[in-house]
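Student: Each chain, written out:
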Amino acid sequence: MPAISFQSVSKTYSSARNQTGPVVKALDDVSFDIRQGEFFGLLGPNGAGKTSLISILAGLSRASSGTVKVHGSDVLADYASARRKLGVVPQELVFDPFFSVREALRIQSGYFGIKRNDDWIDELLVSLGLADKANANMRQLSGGMKRRVLVAQALVHKPQVIVLDEPTAGVDVELRQTLWQFIAKLNKQGSTVLLTTHYLEEAEALCSRIAMLKQGRVVALAQTSELLKAASSNVLRFKIDSELPTHLAVQARITGRIVQFPAHNAHEIEQYLAAIREAGLVAEDVEIRKADLEDVFLDVMNKKPAGETPAVAVDLAKVAT
Amino acid sequence: MTGWQTLLYKETLRFWKVGFQTVGAPVLTAVLYMLIFGHVLQDQVKVYDQVSYTAFLVPGLVMMSVLQNAFANSSSSLIQSKIMGSLVFVLLTPLSHWHWFFAYVGSSVARGLLVGVGVFAVTVFFGQPAFVAPLWIVLFAVLGAAMLGALGVIAGLWSEKFDQMAAFQNFVIMPMTFLSGVFYSIHSLPPFWQKVSHLNPFFYMIDGFRYGFFGVSDVSPWLSLAIVATALLAVSAVAVNLLRTGYKIRH
Numbered sequence: 027m028p029a030i031s032f033q034s035v036s037k038t039y040s041s042a043r044n045q046t047g048p049v050v051k052a053l054d055d056v057s058f059d060i061r062q063g064e065f066f067g068l069l070g071p072n073g074a075g076k077t078s079l080i081s082i083l084a085g086l087s088r089a090s091s092g093t094v095k096v097h098g099s100d101v102l103a104d105y106a107s108a109r110r111k112l113g114v115v116p117q118e119l120v121f122d123p124f125f126s127v128r129e130a131l132r133i134q135s136g137y138f139g140i141k142r143n144d145d146w147i148d149e150l151l152v153s154l155g156l157a158d159k160a161n162a163n164m165r166q167l168s169g170g171m172k173r174r175v176l177v178a179q180a181l182v183h184k185p186q187v188i189v190l191d192e193p194t195a196g197v198d199v200e201l202r203q204t205l206w207q208f209i210a211k212l213n214k215q216g217s218t219v220l221l222t223t224h225y226l227e228e229a230e231a232l233c234s235r236i237a238m239l240k241q242g243r244v245v246a247l248a249q250t251s252e253l254l255k256a257a258s259s260n261v262l263r264f265k266i267d268s269e270l271p272t273h274l275a276v277q278a279r280i281t282g283r284i285v286q287f288p289a290h291n292a293h294e295i296e297q298y299l300a301a302i303r304e305a306g307l308v309a310e311d312v313e314i315r316k317a318d319l320e321d322v323f324l325d326v327m328n329k330k331p332a333g334e335t336p337a338v339a340v341d342l343a344k345v346a347t
Numbered sequence: 319m320t321g322w323q324t325l326l327y328k329e330t331l332r333f334w335k336v337g338f339q340t341v342g343a344p345v346l347t348a349v350l351y352m353l354i355f356g357h358v359l360q361d362q363v364k365v366y367d368q369v370s371y372t373a374f375l376v377p378g379l380v381m382m383s384v385l386q387n388a389f390a391n392s393s394s395s396l397i398q399s400k401i402m403g404s405l406v407f408v409l410l411t412p413l414s415h416w417h418w419f420f421a422y423v424g425s426s427v428a429r430g431l432l433v434g435v436g437v438f439a440v441t442v443f444f445g446q447p448a449f450v451a452p453l454w455i456v457l458f459a460v461l462g463a464a465m466l467g468a469l470g471v472i473a474g475l476w477s478e479k480f481d482q483m484a485a486f487q488n489f490v491i492m493p494m495t496f497l498s499g500v501f502y503s504i505h506s507l508p509p510f511w512q513k514v515s516h517l518n519p520f521f522y523m524i525d526g527f528r529y530g531f532f533g534v535s536d537v538s539p540w541l542s543l544a545i546v547a548t549a550l551l552a553v554s555a556v557a558v559n560l561l562r563t564g565y566k567i568r569h
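Just so you know, the protein sequences line up as chains R and H, in that order.
Position one of the first sequence corresponds to residue 27 (my numbering), numbered consecutively onward.
Position one of the second sequence corresponds to residue 319 (my numbering), numbered consecutively onward.
FYI, nobody ran anything at the bench for these hints, they're computed from the structure.
Keep in mind it's a predicted model, so treat the numbers as computed, not measured.
Some clues are possibly wrong.
The calculated DSSO-like cross-link candidates involving lysine-lysine, where the alpha carbons are at most 30 Å apart (straight line), are [what the hints assert, rightly or not]: (1) H:Lys400 to R:Lys51; (2) R:Lys316 to R:Lys240; (3) H:Lys335 to R:Lys51.
Label-pair restraints from in silico Cβ distances [as the list claims (entries may be wrong)]: (4) R:Lys51 to H:Tyr565: 15 to 25 Å; (5) R:Glu149 to H:Val442: 49 to 59 Å; (6) H:Ile401 to R:Ala162: 19 to 29 Å; (7) R:Lys214 to H:Phe489: 29 to 39 Å; (8) R:Ala231 to H:Phe489: 52 to 62 Å; (9) R:Glu149 to H:Trp334: 21 to 31 Å; (10) R:Gln166 to H:Ser414: 32 to 42 Å; (11) R:Ser34 to H:Gly337: 46 to 56 Å; (12) R:Ala106 to H:Leu359: 30 to 40 Å.
Computed footprint of chain H on chain R; a stretch qualifies when at least three of its residues, placed anywhere within it, have a C-beta under 8 Å from a C-beta of chain H [what the hints assert, rightly or not]: (13) 103-110; (14) 153-160.
The C-beta atom is built at its ideal place from N, Cα and C for all residues, glycine as well.
Make a model of the complete structure from these sequences and hints.
Tutor: Structure (structure tokens):
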């Protein structure tokens, strides 16, 4: 039995308040399973439907069609059982201002009918570096500390499936490391983890399998290692001081002075360098590195659907001659 | 504690932690009403024989405070946690719509009764009413608070902004409580306004409640009981259904 099963999940909503506006399709026939014990990454640009999918899974939102199951329990028909198995860390930094950290965790345990949960609450507090904040009011905590409490609240009922919706957005390095160590430990002990993140190096390091969403559709679903293999195997990276000619710029990933070209072989690398030379530019700090998940991600996201020709097509061979 | 009992406990703890504002303030307001209306109207308003105006006013003020605070509790808790986003902690739990209903209405009844006892304790010095039928007193206080608690759930779910909530409170709840016979017996009104008052369910809550103190009322307490119980069932049915469908909370 899969830990999470999405079956033909679609979500449409009207963009206008009076339901007469154009229909927006947030999710379009999304189907995939997440196996028990997996560390699964859900990636996609803003507005791709990641949070819509997680909201449907968590019961915060309802699918327009399709079914979602957690360990076999339908999130609508059998919601109580599904929610017991699910621990969700919401994306928004929310908190209840009336309570201390320990009170909030005790209350959250209570909602699940768990009595005398202090041993586990203490373990969560220590593991997430919150032990000295146990009696502090939620209002007094910094953003990072509030984020830790959100994680603790999601784990208070020892869920089999842990869902983290961009848990490291705006979080310092120390918390990221504490968090990932702890989540990795829970994953080793058998918990399934579903993670959405914008930090692709995090997803590459942690997730064994990845799904990529674009405009509400699954555009890639594979083992992380397979995705990396399928990508252009190398990246040519260098720095330049002047602007790249347009026909080259459209193929490159440019971050300030840094320019990166995907390259499958030595021949392509030579052609790029020749094109740079011909444009009268000087490439500095030239290096060739292995493609990472960010390259795969950009590759998948920029791919045009079949039948559509790219707006600007550059014939590399012609440029090189 | 089971899940819904925890939610009830949390909702009660929530208002208790800000008790100065949620319990203390309405008690002070009631004292001010007592001082001003009690003093000004004492010799102007004729109520029942054998009952002084201030003694008549005490149960009215108590019940008005019970109703207003029961409404304020569920409605303000829901709108606050909706706007702050902290409602997600309850939305993610396995609690059913019935659990939500009993927890939110239960804590509203608790706050309503607590404020009611507080108002009674400080206004009773101005004019001591009798206790002819204490069971009626408790019955109407609990049913009235529950109905307003359920109405608060509806208002809390419906409102998206604080000013919508304030509109509900100021344009619906306040006029209906003020025009329900808190400060006067409706028999002192012209016939037309007597008829209008009979359409206000709040009138029956206050009239039935007052019957428990004096053994006299504008209408039979059984009629009041039937109307209050029907209103409670109707409002509860709407509230439970909104919670079941996740109206404005599960999209």
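Student: Tell me the hint numbers this structure goes against, listed in increasing order.
Tutor: As far as the earlier hints go, 3, 7, 12 and 14 are violated by this structure, in ascending order.
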